[in-house]
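Following the hints, put chain X in place on chain R, whose structure we already have.
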Amino acid sequence: MALPQRAVGEGQVAAPELKNLARPVSLARERTLPVLPALADLLPEGGLRRGSTVAVSGDAPRASRSEAEARPGATSLALALLAGPSQAGSWCAAVGLPSLGVVAAAEVGVALERFPLVARPGDEWPAVVATLVDAVDVVLVCLPRHVRNGDARRLVAKARDRGAVLITAGGSSALQADVRLSVASSSWDGLGRGHGRLQARRIDVVASGRGAAARERQVSLWLPSANGGVEAIDHANARSLVS
Amino acid sequence: MRTLVLWCPDWPVTAAGFSPDEPVAIMFANRVVACSAAARRGGVQRGLRRRQAEARCPGLQLVAHDPTGDARAFEPVVAAVEAFCPRLEIVRPGVCAVGTRGPSRYFGGDEALTARVTEAVAHVGGQAGIADGSFAAELAARAGRVIPPGETPTFLATFSVGVLERPELADLLTRLGIRTLGAFAALPAASVLARFGADGLVAHRLASGEDEHPLSARIPPPELDVTAELDPPAERVETAVFAARGLAHQLCDELSARGLALSCLRVEAETEHGETLVRRWRLEGATPLALAERVRWQLDGWLSNPHGPTAGLTLLRLVPEEVLPDEGRQLGFWGGDRALDDHAARALLHVQGLLGPDAVTTAVPIGGRGPAEQVQLVPWGDARAPTTCILGVDSRTYAGYPAQERSGGPWPGRVPAPSPAAVHVNPIRAEVVDANNQPVTVSGRGAASGEPAKISIDGGRWTGISAWAGPWPVDERWWDPQAHRRRARWQVVTADGTAHLLAVEGGRWSVEATYD
Numbered sequence: 019m020a021l022p023q024r025a026v027g028e029g030q031v032a033a034p035e036l037k038n039l040a041r042p043v044s045l046a047r048e049r050t051l052p053v054l055p056a057l058a059d060l061l062p063e064g065g066l067r068r069g070s071t072v073a074v075s076g077d078a079p080r081a082s083r084s085e086a087e088a089r090p091g092a093t094s095l096a097l098a099l100l101a102g103p104s105q106a107g108s109w110c111a112a113v114g115l116p117s118l119g120v121v122a123a124a125e126v127g128v129a130l131e132r133f134p135l136v137a138r139p140g141d142e143w144p145a146v147v148a149t150l151v152d153a154v155d156v157v158l159v160c161l162p163r164h165v166r167n168g169d170a171r172r173l174v175a176k177a178r179d180r181g182a183v184l185i186t187a188g189g190s191s192a193l194q195a196d197v198r199l200s201v202a203s204s205s206w207d208g209l210g211r212g213h214g215r216l217q218a219r220r221i222d223v224v225a226s227g228r229g230a231a232a233r234e235r236q237v238s239l240w241l242p243s244a245n246g247g248v249e250a251i252d253h254a255n256a257r258s259l260v261s
Numbered sequence: 049m050r051t052l053v054l055w056c057p058d059w060p061v062t063a064a065g066f067s068p069d070e071p072v073a074i075m076f077a078n079r080v081v082a083c084s085a086a087a088r089r090g091g092v093q094r095g096l097r098r099r100q101a102e103a104r105c106p107g108l109q110l111v112a113h114d115p116t117g118d119a120r121a122f123e124p125v126v127a128a129v130e131a132f133c134p135r136l137e138i139v140r141p142g143v144c145a146v147g148t149r150g151p152s153r154y155f156g157g158d159e160a161l162t163a164r165v166t167e168a169v170a171h172v173g174g175q176a177g178i179a180d181g182s183f184a185a186e187l188a189a190r191a192g193r194v195i196p197p198g199e200t201p202t203f204l205a206t207f208s209v210g211v212l213e214r215p216e217l218a219d220l221l222t223r224l225g226i227r228t229l230g231a232f233a234a235l236p237a238a239s240v241l242a243r244f245g246a247d248g249l250v251a252h253r254l255a256s257g258e259d260e261h262p263l264s265a266r267i268p269p270p271e272l273d274v275t276a277e278l279d280p281p282a283e284r285v286e287t288a289v290f291a292a293r294g295l296a297h298q299l300c301d302e303l304s305a306r307g308l309a310l311s312c313l314r315v316e317a318e319t320e321h322g323e324t325l326v327r328r329w330r331l332e333g334a335t336p337l338a339l340a341e342r343v344r345w346q347l348d349g350w351l352s353n354p355h356g357p358t359a360g361l362t363l364l365r366l367v368p369e370e371v372l373p374d375e376g377r378q379l380g381f382w383g384g385d386r387a388l389d390d391h392a393a394r395a396l397l398h399v400q401g402l403l404g405p406d407a408v409t410t411a412v413p414i415g416g417r418g419p420a421e422q423v424q425l426v427p428w429g430d431a432r433a434p435t436t437c438i439l440g441v442d443s444r445t446y447a448g449y450p451a452q453e454r455s456g457g458p459w460p461g462r463v464p465a466p467s468p469a470a471v472h473v474n475p476i477r478a479e480v481v482d483a484n485n486q487p488v489t490v491s492g493r494g495a496a497s498g499e500p501a502k503i504s505i506d507g508g509r510w511t512g513i514s515a516w517a518g519p520w521p522v523d524e525r526w527w528d529p530q531a532h533r534r535r536a537r538w539q540v541v542t543a544d545g546t547a548h549l550l551a552v553e554g555g556r557w558s559v560e561a562t563y564d
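If you read the protein sequences in the order shown, they are chains R and X. Heads up: the first sequence begins at 19 in my numbering, then just goes up one per residue. Heads up: the second sequence begins at 49 in my numbering, then just goes up one per residue.
For reference, chain R alone in the conformation it holds in the complex (with noise of 0.2 Å):
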């Protein structure tokens, strides 16, 4: 009774307190949206978190920028996170990306009826992400390579304000992600020389970001592996596919 108490002891309740009580509890599972069981482990509450922004990236983390070598591996890395939000019902977009392979979406599990496409949004693109994150949950946005401040931090916060994830590949690194995964590195297999084509890939991921996600984790997964999908390696017996 400690709460009425005090509320009525100070004889009215301010308005946004009163919205508080009133709102309901909501459990840690509605506020995360589910990703595939082989990335669980990256992500600090073992799924997306509404209202949180994650950038994928391909460079690893804390390397200068003169060495930076940008590795591959982030479109398919942010595809990946897409598929299980969107297996499990919800509308995703992507934002920004031209050349992105459908097909590969497809195949690691986007369902592509709800994976609306606004390839060149052009100078409009704070507005077209803005009105995105207000509909849907999954927003995957490549930033151009400049961006205001200001818009940054208000794509940031609109997230938040409507639990949507925004998730950036590429471009800018203009925004305060709460979550960074970066490709640590990456190697093929299946292909030879002059024979075989590619199968499988292994790569490693290093998650780092802001508070929950402070801790550096790292995860070897195979993205894509032999069978399409997503599947994490486990290093005691890890293994090349194609011994």
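Since the hints were made in silico from the structure, they are not lab data. Worth double-checking, as some hints may not be accurate.
[To be verified] Dumping the calculated SDA-like pairs for lysine to any residue here, alpha-carbon to alpha-carbon at most 20 Å:
{"#": "1", "chain 1": "X", "residue 1": "K502", "chain 2": "R", "residue 2": "P162"}
{"#": "2", "chain 1": "R", "residue 1": "K176", "chain 2": "R", "residue 2": "S205"}
{"#": "3", "chain 1": "R", "residue 1": "K176", "chain 2": "X", "residue 2": "L402"}
{"#": "4", "chain 1": "X", "residue 1": "K502", "chain 2": "R", "residue 2": "R215"}
{"#": "5", "chain 1": "X", "residue 1": "K502", "chain 2": "X", "residue 2": "S514"}
{"#": "6", "chain 1": "R", "residue 1": "K176", "chain 2": "X", "residue 2": "Q298"}
{"#": "7", "chain 1": "R", "residue 1": "K176", "chain 2": "X", "residue 2": "R394"}
{"#": "8", "chain 1": "R", "residue 1": "K176", "chain 2": "X", "residue 2": "H398"}
{"#": "9", "chain 1": "X", "residue 1": "K502", "chain 2": "X", "residue 2": "A483"}
{"#": "10", "chain 1": "X", "residue 1": "K502", "chain 2": "X", "residue 2": "Q486"}
{"#": "11", "chain 1": "R", "residue 1": "K176", "chain 2": "R", "residue 2": "P144"}
{"#": "12", "chain 1": "R", "residue 1": "K176", "chain 2": "R", "residue 2": "P162"}
{"#": "13", "chain 1": "X", "residue 1": "K502", "chain 2": "R", "residue 2": "H213"}
{"#": "14", "chain 1": "X", "residue 1": "K502", "chain 2": "X", "residue 2": "N485"}
{"#": "15", "chain 1": "X", "residue 1": "K502", "chain 2": "R", "residue 2": "G210"}
{"#": "16", "chain 1": "X", "residue 1": "K502", "chain 2": "R", "residue 2": "A145"}
{"#": "17", "chain 1": "X", "residue 1": "K502", "chain 2": "X", "residue 2": "P475"}
{"#": "18", "chain 1": "X", "residue 1": "K502", "chain 2": "X", "residue 2": "A465"}
This one's a predicted model, so the numbers in the text were calculated from it and none came from an experiment.
Below, chain X without anything else, positioned relative to chain R:
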């Protein structure tokens, strides 16, 4: 209400430009949806599979169903009848209805009116019939008869319950021993409502020869009209349809806020030069998409007509002619969240408003060999059905397989999965040399001149190639000089671990896609 219905037999066949004497079947999703008289004589029926139809009628021509084309071809027919019968309603392409009270008196009776209408549409073999209510009138039109006032129930009594176009109800009634409309109409209405629900009651009204529109149908108050003024004037159908889509959303929102459902829509369009086209469309279960589709049909037909408008469209207005109380629809218990879908659809419409209708796309898987050929991007809001021709065959002569079947079909030489995550819109120029710095070429027989050792992408620095496979030669559409492409694909992994899909065509190398 006394109604005249004009019915054009096998309209999809006529609209596709075939005469009834040619054996033709219109296919959709591997099923016959309509066939010509000659094909029917050969034993073809609606609902048959392609193979069954071909087995029954050798020499049968198969044509894919094209609803927009049907509507476009119907426009001149409507215009011919509308010249002397105002307030015409299009029920669906091939069938339209008009109230006879005025025209009948003016032309001297039902028979005279029927003769006049039949004469106006003789070139497409249309038939007209008059009865009480448009359901009975359509049956009368098929029989080419004029049913005198008050005799409609007698006329209907002998028809089978199958003509109600409610397969589940008809099946149940047949099993209950009620085989004709007469027997069904003889049941007390209250018992029918108790046993078969609201839809059953509507069917009962139809079978009894009463007006199918419940008495609650009414003309809505005028403030529900929605209007868009197009400035600059819309020259293309797409621009106008896009505006119509916004209007349709607005109209549906307003109606649902008032608890109403649309049953008849009037679409008015006006051009810069003051030409107007007004059409009435009968609808059931109107969604914004269905409304926008009607507008597209109407404008397509008008603009492709040689006597069509001479300037761009400046005004578009959607007027609800008739509304009913909305009985509501039950949202799926386990299904997707419809509210969420609507929300997303509205946001995408907003983005289309910012960037133009083609800027928001959705991908549809189709058949193909290369990563770029396996999907088609369709503007958001259009039907998610591929429209390109398959295998170089014109899609109109190709039987209507659903997209999934086509994309799953055998595509020998297809680039194997996993697919690349970055497919370059414009392939990036590249150069590939062997260990002796000689450019690698692929001969006409698909043999490589050497092993690729180094690659330079877009004039960049040379990088070693650590693994490769190829060449995989592809010779596509050799029967079509314009679309013919001959190339060889390679998969390579460079020293920095990046995998690319390369193509060499006419001696030039390019990066088609990157396994990012």
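Right, here's what the structure says about each hint:
Taking the CA atoms of X:K502 and R:P162, the gap is near 31 Å; set against the 20 Å cutoff, the hint is violated. Of the supplied pair hints, the one linking R:K176 and R:S205 is violated, its CA atoms being roughly 37 Å apart against a limit of 20 Å. Proposed proximity of R:K176 and X:L402 is supported: the alpha carbons are some 19 Å apart, at most 20 Å. Distance check on the hinted pair: X:K502 and R:R215 sit about 19 Å apart at the alpha-carbon level, within 20 Å; holds.
In summary, the hint linking X:K502 to X:S514 is supported, as the alpha carbons are separated by about 9 Å, within the 20 Å threshold. For a cut-off of 20 Å, the pair hint linking R:K176 to X:Q298 is broken: about 26 Å separates their Cα positions. Restraint check for R:K176 and X:R394: satisfied, since their Cα atoms lie roughly 18 Å apart, inside the 20 Å limit. Of the pairs offered as hints, the one joining R:K176 and X:H398 holds, with about 17 Å between alpha carbons and a cut-off of 20 Å not exceeded.
For the proposed pair X:K502 and X:A483, the alpha carbon gap of about 8 Å is at most 20 Å, so the pair holds. Proposed proximity of X:K502 and X:Q486 is supported: the alpha carbons are some 10 Å apart, at most 20 Å. Restraint check for R:K176 and R:P144: satisfied, since their Cα atoms lie roughly 11 Å apart, inside the 20 Å limit. For the hint pairing R:K176 with R:P162, the CA-to-CA distance comes to about 19 Å; that is within 20 Å, so the pair holds.
A hinted pair counts as satisfied when its Cα atoms are at most 20 Å apart, and X:K502 with R:H213 qualifies at roughly 17 Å. At roughly 8 Å between alpha-carbon atoms, X:K502 and X:N485 fall within 20 Å of each other, so this suggested pair holds. This hinted pair checks out: X:K502 and R:G210 have alpha carbons roughly 15 Å apart, not beyond 20 Å. A C-alpha spacing of about 44 Å is found between X:K502 and R:A145, which places the hinted pair above 20 Å, so the restraint is violated.
A hinted pair counts as satisfied when its Cα atoms are at most 20 Å apart, and X:K502 with X:P475 qualifies at roughly 19 Å. Annotation: proposed proximity of X:K502 to X:A465 is violated, straight-line Cα distance about 25 Å (limit 20 Å).
This entry does not satisfy hints 1, 2, 6, 16, 18, going by the numbered hints stated previously.
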